[in-house]
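Colleague: Each residue of the sequence shown is one higher than the one before, starting from 1 at the first, in the UniProt record's numbering.
Heads up, a few of these hints could be off.
As the list claims (entries may be wrong) - Straight-line alpha carbon distances no greater than 16 Å define the calculated EDC-like cross-link-like pairs of lysine to aspartate or glutamate that follow:
| # | residue 1 | residue 2 |
| --- | --- | --- |
| 1 | K371 | D450 |
| 2 | K282 | D272 |
| 3 | K906 | D683 |
What the hints contain is simulated information worked out from the structure, not anything from laboratory work. Computed from a predicted model, the values in this text were never measured in an experiment.
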Amino acid sequence: HFCRHKPLLEKMECILEYGDTETVSDLGTDVFHEREKKGIFARAGANEDDPSSPKSSKVDINVVRNHFHSLPLKGRSEEILFLRSAFDRVLDEHNSEVVFVEGQAGAGKSVYVESLRNYATDKSGWFVAGKFDQCQTVPYSALAEALSDLIDLLQQHDDHEKVRSQLAGHLRPRDVRTLSVLIPNIREFMQVPEKDVSESRTEITSPSVLQLQLALRRFLHIVARPCHPIVLFFDDLHFAEDDSVDVVESLLADEMSRSLLIVCSYRANEFDSSRLECHLDKHIVSMRALTVADVKGVILEVFPRCAGNATDLAEVVHRKTHGNAYSVTEFIELLFEKGFLEVNSDRTLTWNLNLILDATDVADSVAELLKGKIRRLSSPCQMVLQIAAACLGHRFYVPLLELVVTAAGLPRNAYKKALQIAEYECLIERFGGGAFAKFSHDKIQQAASDTIEEEGRERLHLNVGRIVLSSLEQFGNAMKVNLKLLAAQNMSVASDSLTSDKEKIALVVLNLEAAKLLRSRCAYAKAAGLLRVASTIAPETMWRHEHYETAVDLFSTLAELEVALCKHDRCRSAIKMVKQHASSQDDKLRVYMTDVKNYIAESRFEDAIEAAGVYIRALGVRFPSKVSKLSLAAEVIRTKLRLRGRSDEDIRALPTMTDKSVLHIMELLNNIVVSGYWISDHDIITLAGLRMLQETLVHGLSSEGLYGLGVFAIVESSLQRIGSAKRYGILACSLWPEVRCPSSSVESRFRSGVTQLVTHLFTPLPECLLEYKIAHTAAMDAADYFNAFSAILGETSCNLYCKEKPLYAITEDLDNACKQYESFGVTYQIVTICYLWQFMLNVSGCGEGNPTNMQGGYAIDKIDEYNPNEEMTKTLKTYQVLNKFIICYYFESWDYIREKMSEYEKIIGATFTVTQPSVYQTQLIMVLAALRIYEQTGKRRYLRAARGSMKVLSKLHGKQCPNARSPLLIASAEFARVVPAQKLTVAALEAKLLAALAEAKKASWFDHYVVLERLVDLFYGKDDFVLARSYLDDLFDVCDEWGAFALGSHLEEKYYAILH
1 HFCRHKPLLE
11 KMECILEYGD
21 TETVSDLGTD
31 VFHEREKKGI
41 FARAGANEDD
51 PSSPKSSKVD
61 INVVRNHFHS
71 LPLKGRSEEI
81 LFLRSAFDRV
91 LDEHNSEVVF
101 VEGQAGAGKS
111 VYVESLRNYA
121 TDKSGWFVAG
131 KFDQCQTVPY
141 SALAEALSDL
151 IDLLQQHDDH
161 EKVRSQLAGH
171 LRPRDVRTLS
181 VLIPNIREFM
191 QVPEKDVSES
201 RTEITSPSVL
211 QLQLALRRFL
221 HIVARPCHPI
231 VLFFDDLHFA
241 EDDSVDVVES
251 LLADEMSRSL
261 LIVCSYRANE
271 FDSSRLECHL
281 DKHIVSMRAL
291 TVADVKGVIL
301 EVFPRCAGNA
311 TDLAEVVHRK
321 THGNAYSVTE
331 FIELLFEKGF
341 LEVNSDRTLT
351 WNLNLILDAT
361 DVADSVAELL
371 KGKIRRLSSP
381 CQMVLQIAAA
391 CLGHRFYVPL
401 LELVVTAAGL
411 PRNAYKKALQ
421 IAEYECLIER
431 FGGGAFAKFS
441 HDKIQQAASD
451 TIEEEGRERL
461 HLNVGRIVLS
471 SLEQFGNAMK
481 VNLKLLAAQN
491 MSVASDSLTS
501 DKEKIALVVL
511 NLEAAKLLRS
521 RCAYAKAAGL
531 LRVASTIAPE
541 TMWRHEHYET
551 AVDLFSTLAE
561 LEVALCKHDR
571 CRSAIKMVKQ
581 HASSQDDKLR
591 VYMTDVKNYI
601 AESRFEDAIE
611 AAGVYIRALG
621 VRFPSKVSKL
631 SLAAEVIRTK
641 LRLRGRSDED
651 IRALPTMTDK
661 SVLHIMELLN
671 NIVVSGYWIS
681 DHDIITLAGL
691 RMLQETLVHG
701 LSSEGLYGLG
711 VFAIVESSLQ
721 RIGSAKRYGI
731 LACSLWPEVR
741 CPSSSVESRF
751 RSGVTQLVTH
761 LFTPLPECLL
771 EYKIAHTAAM
781 DAADYFNAFS
791 AILGETSCNL
801 YCKEKPLYAI
811 TEDLDNACKQ
821 YESFGVTYQI
831 VTICYLWQFM
841 LNVSGCGEGN
851 PTNMQGGYAI
861 DKIDEYNPNE
871 EMTKTLKTYQ
881 VLNKFIICYY
891 FESWDYIREK
901 MSEYEKIIGA
911 TFTVTQPSVY
921 QTQLIMVLAA
931 LRIYEQTGKR
941 RYLRAARGSM
951 KVLSKLHGKQ
961 CPNARSPLLI
971 ASAEFARVVP
981 AQKLTVAALE
991 AKLLAALAEA
1001 KKASWFDHYV
1011 VLERLVDLFY
1021 GKDDFVLARS
1031 YLDDLFDVCD
1041 EWGAFALGSH
1051 LEEKYYAILH
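All chains, please: the whole structure from these sequences, using the hints.
Modeller: In structure tokens:
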């Protein structure tokens, strides 16, 4: 039934496999003829049988079309100037802007934006464009088209080696792999062998849309330069699939971008740009209808000599077309075809106005006008256009179209003639040497598709899908993948017409394979769409016969895609199907993992912990439903017993964990740790972490097991067993490079959740900053923005507690990070750091009103904006108390400190607070604040609180923690000043403070500040104003260098007597 066309297909093989474009001339280009353009008037004696010869007009219609191509720009001088001004701003100010161009179909949006191409090119700009396909046959079609052209421009430019070097320095290998999904020619430009890319892909999971967004941002940050600003034009955004819209939105929200002008056009009645989150300067251009004067102007440009009043003709044309630019062109053509417009022998345009008014009936829309035009074509030509428009897409491979239509019964000669007519009528345009074609306008494609009878539409899609699928083996490998996706999409449209279980199962298998291919290309929404169709038609018998594994794979994969798309209810429905029908626990493992991740994606962390516990118990492992202090103590003892007698070398010699069930248990435990972290449930974190370590000691090393080893180090640190904490922390960090981690998300959690909590025990804080950068890189590689932001928060805290950056620089970094991560949807984490953010603003003098007020500031307003849930509110209260207590100590608000002393003591004594890099400052502040309140009240409970924190600092210092020395010396001097039994002479106390000062200068701004403040107080109390003023001047210098300008103002008030 199908025509094979072997000679033709052999040539196609040659092109697809070897890129031999010389054979393109044989592939249907015999039907592609260049027309002679000898002016607007047609040749005398034209062959009436030649379809390229005009029938009823004395002018060449195609030349008329070419002249009318500029019609959409008539009367738009202001709009053109506005678009050019936007480009000039990008060029001169090196910023980025967005222009949305909206209008009705046929208003001339594309022509208007394209008018910027030459202007931008003349000013060293790069203009690239991509058009979204209403059939959505290819994922990210417009993005791929535009960015592939951008790579070609880079390749041709003189400094391409410099750009390649910069990209190699800033793009990670994973970025190149991810971008190659969207921009295949980036591999050639970056000189990355195809073999390396394909091998790498087998080692990693499919890239996520978030990874693609981030990689694309990094790419554009490098290639968009002040010397070569880029114009990215995305045409027909209303046709874009959800994944593409997400990527475009990510670019619009990237405040770090520079020298980039993004232009998006769309139909105003089919797309709302306000739903896109845009952080760049945004402008909207509305394409109004043409006026009568605009129409008249173009008529006179094309036909300078008119027999009558051109205004009258323009008014009729405008009335019939409502001023729609595309309709005007089509209507003028219609008048020529019907003979209502003619050019006489002296080249004067003539018309009969009454005849035009009475005999022409123009449709109410462009679509109807074009449908009428297509219906006037021959049946073969209609068939060719319908199949291409409905089944192949906006851009299509001409030999594939020939294969399909001839297999459907159209003779080859008829097909060639039909294609020639479609090209002559400017319905399609050939390119790529004639081997490819595209519709001249998206309305033409839509009109051709709309001429298909509804009752035959599904059958057409089904037959085309079957033809394509049956012909796969005749194509090269590069083409097979896209054709398989094309077949799956067409057959899915007709899924309701399938009757037999055999046909349905065949489509399920095809869609599952196609969905996995799409997922590998980051097209999650499109992949989920195919699987939703498959899940709808999948017969119940699949669960009971030889297709059981396919059914499990189908619903498990669908659940994973739905959680990636944040379709939480749909995800649960797919999970429910597997739980109900899967016959073994092993077959349910994937959905167990997905269910927990689904809860985490919803920020339902307590539900995630509960579900993970249920699944762990379902896999035969005891795990408490509730964590008590007794069960936690038992877990610590059990872990210690397993570690007893094991040296570091014994642990290093453990085999690699391979048991599939245990690995899944480890992943569930890891998800419990992650969930516990975000709700500050330190008990569940400890329990799950210790369980991971126990499983590792029994079943072998794994990345999750090293996570557990790190958690054990943290637990030991919280129990003030600093020596043990250092040992296992160093062991976990040193073993990590030796253990192959299959999941980049697990690595990011280890880097951001473990290393930053233990490395400060044996590494100076400035050097710990490197660990945070590594953690951030690992998390960003995994598009794990939760942990990436955690690494930024850790880096912020580390900078606060050392002298690497002043406050304003830290705040600026955090501000930029918040803006960037806000565009990634990381709102929960941004809210949790708002009090720390406000703390820095207040100390630096940017807070509102009273420096100790942690309400109503810029950062705090974010909390109300995001409307935190109950879990988040509980966490926020902890952070509020912690940061306000510290800032109240800075500004000596003793009433609040007395009120919150017990609560603060409880917070800094919690498991994970003790192990944070902030432990040195939080414990020191506890010593200083408690001793000051003890001085004021004489109550010994404050003295006990101070001694408790002093004990923590002493143990840290006793185990050679490099960051504990300065706080311990300061705390020791304060005890010597306050406690009667330890009071020293002024000289001895000065010596003690000077010894602390020597260390504090190297340690942190706060330590330096505190010691100088104590020295000022010491000599001020002894009326030695000279020394007091000297140390006060030093104190002001520290405040200036630190950027703590509000503290400087506070000191001016406190030491007014010394200053004056």
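Colleague: Are the Cα positions of K282 and D272 separated by 16 Å at most?
Modeller: Status holds; Cα separation ~14 Å.
Colleague: CA of K371 to CA of D450, is that 16 Å or under?
Modeller: Holds, because 7 Å separates the two Cα atoms, which is no more than 16 Å.
Colleague: For a C-alpha distance cap of 16 Å, please report whether K906 and D683 respect it.
Modeller: The hint holds at about 14 Å.
Hint violations for this structure: none, all hints satisfied.
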